[in-house]
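Novice: The chain contents come next:
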Amino acid sequence: MKNTQANPKGIYTISNRLGDQANRAVQASEDRPNSLTSGHRACQGCGEALGARIVVDAALRAAKGQIIVVNATGCLEVFSTPYPETAWQTAWVHSLFGNAPAVATGVAAAMEVKGRGNVRVLAQGGDGSTTDIGFGCLSGMFERNDDVLYVCYDNQAYMNTGVQRSSATPPTARTATTPPVGSEPGNVFGTGKNVPLIAMAHQIPYVATATVADVQDLEAKVFKAMSMRGARYLHVLVPCPLGWGSPPRETINLARLAVQCGLFPLFEAENGTVTRATKIRQPVPVENYLKPQRRFAHLFKGGKPVDDRLARMQEMADANISRFNLLGHEETCK
Amino acid sequence: MKPFATVLEVGTSLNNHTGSWRTERPSYAHRLPPCNNACPAGENIQEWLSLAEQEKYEEAWREIVKNNPFPAIMGRVCYHPCENACNRVTIESPVGINSVERFLGDKAIRDKWAFDRPAAKSGKKVLVIGAGPAGLSAAYHLARLGHKVTVKESLKKAGGMLRYGIPQYRLPRKILDAEIKRIVDYGVELEVNKKVTNLAEVVESKAFDAVFLSVGAHIAKLTEFPTSPRSRVLDAVAVLRDMENREKPKLGKRVVVYGGGNTAMDVARTAKRLGAKEVTIVYRRTREKMPAHSFEIDEALQEGIKIKFLVTIKKYQNKKLTLGKMALDAKGYPQPTGKNETMETDCIVLALGQDSDLALLEKFPGLEIADGALKVDSRMMTSHAGVFAGGDMIPFERTATTGVGHGKKAARSIDAWLRKVEQPATEKHPLATAERLNKWYYAEVSENKRKLIDIAHRTKTFDEVQLGLSEAEALNESRRCLSCGNCFECDNCYGVCPDNAIRKLGAGKGFKIDYDYCKGCGLCAAECPCGCIEMTPEDI
Amino acid sequence: MDNFSQRIILSQNTWSANLTMFQIRFHGRGGQGVVTAAEMLSVAAFLEGKHAQAFPSFGSERMGAPVVSFCRISEKEIRLRDPVFEPDALIVQDPTLLLMPGLFDGLKSDGYVLINSSRDITELGLDDLLHRLPLGNILTLAGTELALKHFKRPMPNAAMLGGLAAMSGVIKMESVASAIMEAFAGAIGQANVAAAKESYEIVKAKRNALIASTRKEAIAC
Amino acid sequence: MLKQVEGSHAVAEAVALCRPEVICAYPITPQTHIVEGLGELVKAGHIKDCKYINVESEFAALSVAIGSSAAGARSYTATSSQGLLFMAEAVYNASGLGLPIVMTLGNRAIGAPLNIWNDHSDAMSLRDAGWIQLFAENNQEAIDLHIQAFRIAEDISCPVMVCVDGFILTHAVEQVDVPDQKQVDAYLPAFVPAVVLDPKAPASVGALVGPEAFTEVRYLDHKKQLRAFDAIDRASTAFKSVFGREAGGFIRSYHTKDAETVIVAMGSVIGTLKDMIDEKRKQGHKIGLVSICTFRPFPTAEVGAALKDAKHVIVLEKSLASGQGGVLAAHVRAGLHEAIPLTTLIAGLGGRPIPKNALSEFVEKIGIPSSDELHFLDLKQDIVDGELKKTEEERNARLRNGAARGR
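Protein chains in written order, with this note's numbering: chain U, 1 to 334; chain X, 1001 to 1540; chain E, 2001 to 2221; chain D, 3001 to 3407.
The following block holds chain U by itself, in its conformation from the complex (with noise of 0.2 Å):
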C-alpha cells in the first residue's frame, strides 16, 4: 500500500509535481493507458466509467499490457461498445449478463494451455451481474481458485434497465422496483448481500473494496491484486448520479461520504481474513451521505428525519465501524 501520508505535500490527491515520478499513480501518468477512452456514452459524471478505467488502466499497467478484459452486460458494455464504435483499446469481450466470471476462467484457461500466463484476466461487471445474475458463476470462479482478478463496479441497483433494486441495494433507498411507498418505503431493511464477505468465505487469496474516491488506494489494490495469482476480487462503489439522484459533480464526494460515515468500508482480506481496514479520516454522520441524494430525500421531511429509518441506517454504519475498526489510530491488522 502506497501511504498517502509520505506523499511530500501532505495531500491526498491523486499526485502532484512533487510526487516521485516512478511510483506516481497511473492516472496521473501523462503516458496512462486510457483503457476506456474518449467518446463513450457514459452519463456525465459516471462513477463506473471513471472505475473502469483507474482498475483497466492499472491492471494493464500491473501486466505490462499483456491484459484480456471480460465484461457482463451492463452499463459498463452497453455505453463502451455501441456499433460502430467502441471505447475499448485493451482486449475485451463481452458475451452475457450473467456469464462474466466463467468466461473470463474460460479465458485464463486458454492462456494457461497456450503457454501464456503473461497475459492476465479482468472480468468486470456491475452490482447486478456480480452480486445477482452472475453470481453463481461467480462462486465458481471463486471456488476454483480460478486466475481471474473480478472487478464489481457497485451502483447498488440495475442502473442499465432504469434504476431496479439488485441485491446490493441499501435498505430504504429508492428504486423503481422499492418505490418510496408503502409501510417501509424503499428497499426494506434486512436483505440484501455482502459480496465481499461472500468472497472472503471462499478463501479467496485477496478481496479488496474500495471506491472512486481514492483513486491512489483503487490502483493500490489492483496492483496488488495483479501481484497474486489465483481468484481475486475487488469491489469498487461506483456513484451513479441517475440512479443516486445526485448531480453528476457530486459523484466523487458521495463516493468519500460513503466511506468516511462508515456504510462503505474499506478493507483488503487476504485467505479469507481482513488484513488492513482504512481508517475514517473525517468522520461524518450517514445523514451527510444519505441527505444529497434523492433516493434517500423520503427519510428526511422539511430536512428532518421522518422516522427511524434513519437511525437504522446510522446503526448500519456503527455496525461496520465497530466491525473493521474504522476510527481510531491503530491499523487493522492479524
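Simulated from the structure, these hints should not be mistaken for laboratory data.
Bear in mind the structure is a predicted one, so any value in this text is a computation, not a measurement.
We treat Cβ as the ideally placed atom computed from N, Cα and C, and that holds for glycine.
Some hints could be false.
Computed beta-carbon distance windows for the label pairs [unchecked claim]:
(1) U:Lys-114 with E:Met-2063: 50 to 56 Å
(2) D:Ala-3044 with U:Gly-117: 20 to 26 Å
(3) D:Glu-3279 with E:Asp-2128: 30 to 36 Å
(4) D:Arg-3245 with E:Glu-2123: 49 to 55 Å
(5) X:Arg-1287 with U:Ala-22: 51 to 57 Å
(6) E:Asp-2128 with D:Glu-3040: 26 to 32 Å
(7) U:Lys-64 with D:Gly-3111: 49 to 55 Å
(8) D:Ala-3186 with E:Arg-2132: 53 to 59 Å
Dock chains X, E and D against chain U, hints included.
Specialist: Positioned in the frame of chain U, the structure of chains X, E and D alone reads:
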C-alpha cells in the same frame, strides 16, 4: 477477417464527440491568493512558495526580489499579513510564509546571490530622499528599471527605521547591512549624512528627473504629565536610535515603558537587555486592544517584562510614578476610576507613536499635507509633478513592508512617468477564497515554527531571538501552501474525468480541456483541491 | 416327436451361428453389477470376433432397486436399438426378483434361465417354467456364495456369466475370463475369473448330470 | 482400432484425439460418462496441454468454453436436456460470436415432468440458435461426427452440436473403430481462430448492435449456416479419404430407389428402422428410409430430392412441438412435393421404447393415406382418453359451481 458488427476496432469511440452533451464548461482560472492579496509589498507569495517547495530556492528568492529586495529583513521584521490571510487557517494553521522568506533571504546572503541584471539604462536620474525601507525599495526598483538613482540619507547609515527603530535582537545588523549592500552593489548611489533640508532647491536644480520622498517618521509623539527635574522621561525613538551608537543609553534598573505598540515592546525588551531588573509596560487599555503583535507581547512576557493594563500615567516625580487606574465601561472603553497606584521607577520611556519631519517641504509650495502626513495620488505622486513620496511619511499603515511596497509602486510610477507611458493597469484576479477549496485533499500538517533562543540568553544579549528554519523545515513549510486558486498540477482533474477529456501537457505545463469529449459533469471542478477550475454555462 | 423328446434334443443344441442374434436380459438390483455383467458379456463376444451390444435399462435406479440390462450378440452388425423384449436368455441375479410380475415376459420357448440361488428350481416354485423349457435350460447357481468365497463381496455377476457360458455355449469360458480381466484389473479380476470358472464347472456339471439322468430315464422308457 | 466400449467412452476418446485445449464439465444424465471419461484422460495425462474445468452449471460450462474459444483454445463441452436449456443464453451467444465450440448433446427429454430418458426435445428446442447440429446413428458415427465437428466448426467459425441419443447410444457398449492419433492429426488441422482475444492485437468482441445493423448480422449468420453445407460436405468427403469409411454428410438413403413409403428419421432409431425395413422388404413391401445426419443447417433440397418419388412419407421423430406436431416433419414438409402425404409419427418420447415390431405394425396399418396425419407410436389411448374425459367433466363441474355461486 473480423466478424461484422460484433467485433470492433479499438478506440473507435473517439469518432463520437460527446462534448455536445455539455451545458456547462469547465476552464482553468487564476485566482488571487489571499496571501498575495494581503502582502503590502505585493509579493507573489504563492509563486515563490511553489518554487521553494520544488527546492528551487534561488528561483524562489528571485521571485521575491521582483517585488521586495529584502527577503532576509522582511523574513524577520514583517508582521506578515499574508499569514493572517492564509486560507490554511481553515485547516489547522497558516503557512509560515515569513519564516520561509527568511530562510530564502538568509540563503541568498550566504550563497551571495545577486539581483538580476537591470534593464537597459534609461539615462534618467532619480533622487531618493531617505534610505529607509521605502527609499531603498524605490531605489532598488528604479535601478532595476534602468534609472540612475541617488539616495540621500540624513543619518549615519542607511536603513531608516530598520536600523534605528528595530532592535538588533530582531534584526541583526549584518543582515541589514548585507541586503543594503546588495542594493548599493546594484549601482544605487548612497549618500549618508546628507540631510536634504529644502526640497525646492533640489527640484529647481534639475539635477534629477524625479524625486522620491521617504523621510519616514522619526519624531516621537509625547504626552504631558507632571514630572520633577530629576525624573527621566525619554522617548522610544531616541532610545532605539541611540542603540546604534557606541555608547548605549542608560536607563537604570527600573524602567517603565508607556504605550502598547510594537515600539513599546521593542524598547521594553531593549531595556531588559541593557540590564534593567524591572521593566514594566503600562498601557491604558487591555491586552486585546494592544496594537503590538501578540507574539511580541508573548516574547516580552517570556523575558520577564511586566505589563500593567488599564492604567495611565498621572505624574512622575522623584522616581515615583503615580498611575491612574482605569476600568472598562459598558462599551468596552477604558474610563478613569479615580483610584491610583504608585510605583518606583528610574525612568519612563514614552512609546506613543511617531510623526514625520516635514521641514524640507516647508519651502516647497503646493504640496498637500494633512495630519502631519504628505498626500499622494494613486501613483504615489504628490501634487507636484515628478515628486513622489512613500513610506511612513504618507498616510498609511506604518510598517517596513508597507514602505517596501510604496517604494516599488512609486518606482514603477516614476518609471512610467519618466518614460511618458501609461502605467498598465494591473489585472486583479478574483480572490481565491477558502470556500472554493476542497479541503478533503489537504492533510493536517502542523507548522514548522522557528525556534527561539533560550530565555537566559535572550535577556542578557542582543543576539537574534528567533532562529531560522533548517532547509528541511523550510521545504516542508513551503509545501504546506494550498496553492489557493491556482493549479499546482495535482492531477486530480486529469485523474477524475470520466471522459478522459483533460489532456496533461507535461510537468509545469498544466492541463488542457478537450471540449470535444468534455460532457461538463463538473467533477474536475468539484475535485480541484485549490479551486482553480470554473464552471460556466455554455452559450446557447 | 413328443414334447419331452423335443426338449432333450433342443437342450443338446447350444446356440450357434445359424441363429442370427442371441439376446440376453439381466435382472438384478442396483449395486449387483447387472450392467457390468451385460457389458462384460458383450466384451467377451467382441473378443470372439462377434458383434455385441450391451446396454442398461437406462434407469435412475438407486442401490437395491430392481435393474435390468441387456446384451445382444450377433455375427453381423447389430442395428437394432430397442430393449430386449424376447430374450434368448434370462439371468436373474437376485432370486427375490422372482416375485416381480413380467420377469419372464417374452422369454423364448427355447430360451435359457439362470437364477442366482442356492436353492433348486422346484424349491423356487418355478416348476411351470422348468417344464416349459428344454431340459437343463433353467438352472440355479449359488453365484453370491461363490463370489463371497472368491473375493468376499456379494457380487455374483462374473459367476453368472461363467454359468451362462456353460449353460448356453453362447460364449466361451476363456472369453468370459478375458472380459472379466478387462473390467477388473489385478487380483479382483483374478478372483472374479476364479468364481466364473467354478460357476462354469458347476453349471456344466449340473447340466451334464441332468441330461445324463434324463437320457437314462428316456432309455428306461 | 476396434474396441468394445461404451458409447460415452468412445466419444470421450474421439474428443481426446481431437486435442482439445479446454474441456468444461458439468454433470447431467445421460452425458455424465462422456465428461467422466475425458476427466480421466486429462488427469492421467493422455490429453496433453488440456485444461479440464469442473464448473458449477451448464451455463458456466458453455460460458467457460466461450471464453477459452474466444481466446483461441480448442474448446469442448457436453450436456443434455435441461442442461442445454440452462445454457440456452450462452448457446446463442457462442454462435453469435462465431466461436467454433464443439458440444456433445446426449439427447434427453425436457421436463416437467422430470424425465431423464432419451428423446430429441432438447436439440429441437435450440435448433435455431445458430449451431450446426449433427445426429449420430450409432456409436461409430458418434465418434466420427465428433472428429468432423471440430473441423467443420473451425472451418467456418461456427459452433457444432453433436447429438447422440442418451442412454441408447451413450450407455450402449458396442464395437467401434477408434482411429489412431496420426489419422486424426492428418484430418484435423491445428486450430487457427478467426476471432481471438489477444492483447497484441486488441479488439472489442461482442458489441452492442442496434437496429441499424442487427438484420445484417442475422442475415450473415444465415449465410454462414448455408455455407456450412460446403464445410460439412468437405469434412465428410475428406473423412472418407483419411479414415476409409463414410460418416456424416447431410442425409443417407436406404432402399429409397423404388420405395413407395419412405420413412424419415434421425439418430439411433435408424438401426431399428433398417432392421424393420429389411424384414418388410422380404415380405415385399416397397419401403425405404432417409436418415438425417445434418439437422442444422437443414438439407431441405437434399431431403426433397430423396423423397420426390415416394408415395407416402412417414417422419418418425422423437420430439413434439406441442400445438403444432412434429418438428422434423415440418422441416421435411418444406422440401416435399405437396401432393405427397406425410405422416408424422411421434415416437420414443421420454425414453419410450421404439420396438421394431411396433414400427412394423404401424407401417402395416397406416398403408398409404391420402393426406397428412399425426400419430403417436404406442400411445396408451385408454389413458389419455380417460384423462381428457375427466378434465372435461371437472371443467364442467367447476363452471356449474361458479354459476351457482354467481347466483
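Novice: Can you list which hints this structure breaks, lowest number first?
Specialist: Result: hints 1 and 6 break, sorted rising.
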